[in-house]
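Asks: Residues per chain are reported as follows:
Protein chains: 2
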Amino acid sequence: MIVDPPTAPKAIEIGHRLARRTGRMHASAIREILKVASRPGMISLAGGLPAPESFPVDIVRQLCDEVLSEDGERVLQYHATEGYGPLREALVPFLAERGVHTSVDDVSIFHGSQNVLDTLAKVLISPGDVIAVESPSYLGALSAFDAYEPNYVMIATDDEGVLPDDLDRVLREHPVKLVYLVPTFQNPTGRTLSPERRVRVAEILREHDALLLEDDPYGMLRYEGTAPLPLHALAPERVVYTSTFSKILAPGLRLGFVVAPRALSRWMVIAKQGVDLHTNTLGQAIAAAYLSGGYLTAHLPKILELYHPRRDAMLQALENHMPDGFVWTRPEGGMFLWVIGPERVDGEALNARCIEHGVAFVPGRFFHADDSGSHTFRLNFTAANRTTMDGAVRLMADAARAMLSASA
Amino acid sequence: MIVDPPTAPKAIEIGHRLARRTGRMHASAIREILKVASRPGMISLAGGLPAPESFPVDIVRQLCDEVLSEDGERVLQYHATEGYGPLREALVPFLAERGVHTSVDDVSIFHGSQNVLDTLAKVLISPGDVIAVESPSYLGALSAFDAYEPNYVMIATDDEGVLPDDLDRVLREHPVKLVYLVPTFQNPTGRTLSPERRVRVAEILREHDALLLEDDPYGMLRYEGTAPLPLHALAPERVVYTSTFSKILAPGLRLGFVVAPRALSRWMVIAKQGVDLHTNTLGQAIAAAYLSGGYLTAHLPKILELYHPRRDAMLQALENHMPDGFVWTRPEGGMFLWVIGPERVDGEALNARCIEHGVAFVPGRFFHADDSGSHTFRLNFTAANRTTMDGAVRLMADAARAMLSASA
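In order, the protein sequence lines correspond to chains B and S.
Heads up, the first sequence is in the numbering used here, so the first residue is 10 and it goes up one at a time.
Heads up, the second sequence is in the numbering used here, so the first residue is 10 and it goes up one at a time.
Looking at chain B on its own, in the form it has when it is part of the complex:
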């Protein structure tokens, strides 16, 4: 057979071939900022990555070798969509310690908790369905949900998380399919929903026969204080609980898990079968061994010892340097805190000025679906060390002062 390969065929038009939902998709708004922030020499308070020095590299190496030596053919083979048996089994007591009581049949493994957010929206949300989110909210969740063309309604928040009265109002006024919250060490604010409000939120969910997605990636990164009960413990029949190994083991393994009402988790598993058949088996086997071999128990304190002083250093630097008129959250854990400045300090303008001096953060406006929050910003305190962080915050403070005196 002789074929004349077509020489440089003209690119075809794609625009008119796209699905309607694709119009709702967009590259993450903060992607450009993160790109700038990752330039050599830049001090980034912008990212949301765990510190690489927190990864138990040697433990993963050892566990990889073990699971491949002992069970190589199984961990390299296709597996059931629900997840790898030993991991699901190990998660039951792990979750129970944290107040999430479930059984092996009701916990499923996904390719990161992002994959849980996507799959839950996929089985629940038709175009125009309403999702209630706290304001500000986690951007990655909105980007998962957006593909299913929902409408959003905002629930007002303060320093203790969502306002129960406003949740009640939202559920009364709108036909809400799903409430989405990050109740502990929220991204972007670092805020935690208070224990009293959790009880009230569970009651309100019952009163309105509502369904809630509790996204808990940061709960185990607690540096002080006592963990409140997860919402799942207070209303297990109407709370879908998801968390991840990304902050306590390694995000590159892409391992998340979900506990959901039985009927719903069955649909999620069926949907996942179409999406990717199942989550990578090798990673699941490593995570199973990490939990059941006691490695998490041994390693987690090291992660906390790394992050705790960084959070303290960030709080101290803000205290030392920031001009009057700026306030910030004091999270007991997690990776972020939230700064609110005077209204005349625009977060994007301040960030642009800081970038010129080699420091980047994320302006808060990006986390508000309604474009509010222009004078807020998110700071990550886990990536940089104490000294670097102090210099970065001082630089931000100087830039803010300059903006304030220019506008005075």
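The set of hints was computed from the structure by calculation and includes no laboratory data.
A few of these clues could be false.
The list makes no distinction among identical chains, and a pair is therefore deemed to hold if it is satisfied within one copy or across any two copies.
[As the list claims (entries may be wrong)] List time: in silico SDA-like cross-link candidates among lysine to any residue, alpha-carbon distance up to 25 Å: (1) K311 <-> D74; (2) K19 <-> R215; (3) K44 <-> D114.
Got chain B; can you put chain S on it based on the hints?
Replies: Frame of chain B, contents of chain S only:
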């Protein structure tokens, strides 16, 4: 805080909360058969799993250790959605050898090729949009597409794959958004689209300004004969090419890749960001080392040496045992062949009878979106060894003969 945990709260209703698309989802139709087929003592010709003894367990162990030792913090960290740089780079020459000419920027990594099928449908298919598929077709693709509520039109096939004239008719009569083909060693039939037809298919695509998804999971499992050019080589501007590491390395790593027109692959990457952020980094690093270290080149012949005699044994057993009136495909590679029996031998009834005697296959009806194919069946020839396979085929033949004489 004292909380009365709700005692056994009543399960909430899920049905009315589901999205419209969820009505199109269903557990894989052959799941029950595969469950029966995996019972202890059962000889399964039903599965589609690679033989576990084909996995390069020791190589994976070694590469795992290497990538974690040399670059542990990077392979455990979050990564760009497009894929791990070294893997994308290694895929460019690998693909070029197979006739798929591309650049690093145009190849992206997904969580198995199933994840490619899902993501492409997600960005292209609005409810009611038309996908043209060959009949019979790969079930997993239909289950990925179904969630986006397409309508299907069938393209007729014979022993050389799709009939170009029928493809031409389908594209003329229907507003087809996407043509989906497995042109080489197709699942379920084992058929390969002939070189002449490939040229004609490319021309027809151009004549109708159509877009085609070329799914090529089995192309490298060739036991004899010469590989035809991929469709991508003949119309690169309108063919999305996808393949996988599942058959040449290990399916448990969930690694697929796609080469697509630039504008389309950008949308796929944006969609994937919402679905799971990126594919697991550790698996990608292992695959990169597997390709660039020459391990695939060394290991692939071993896989072929394992499967080739099994295919021969299956063909010989069919020749020896099957009664008159049965015909079957003689694939030069892949994992499956396709048997067509006399119309009065119902594939499901025959399978039920065989299962009683400890042998299972998959009735062909399941691969037909229009419920035809009642007297066809798919046999896998890579999982069982020669002796076992001969016994299994003889048993099938006896059962078929009994059915034929009962209906005579």
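Asks: Can you give me the call for K19 and R215, within, between, both or neither, at a CA distance of at most 25 Å?
Replies: between (58 Å within a copy, 11 Å between copies)
Asks: Can you tell me if K311 and D74 fall within 25 Å by alpha carbon in one copy, between copies, both or neither?
Replies: both (23 Å within a copy, 23 Å between copies)
Asks: How would you classify K44 and D114 at a CA-CA limit of 25 Å: within, between, both, or neither?
Replies: between (41 Å within a copy, 17 Å between copies)
The structure is consistent with each of the numbered hints, conforming to all of them.
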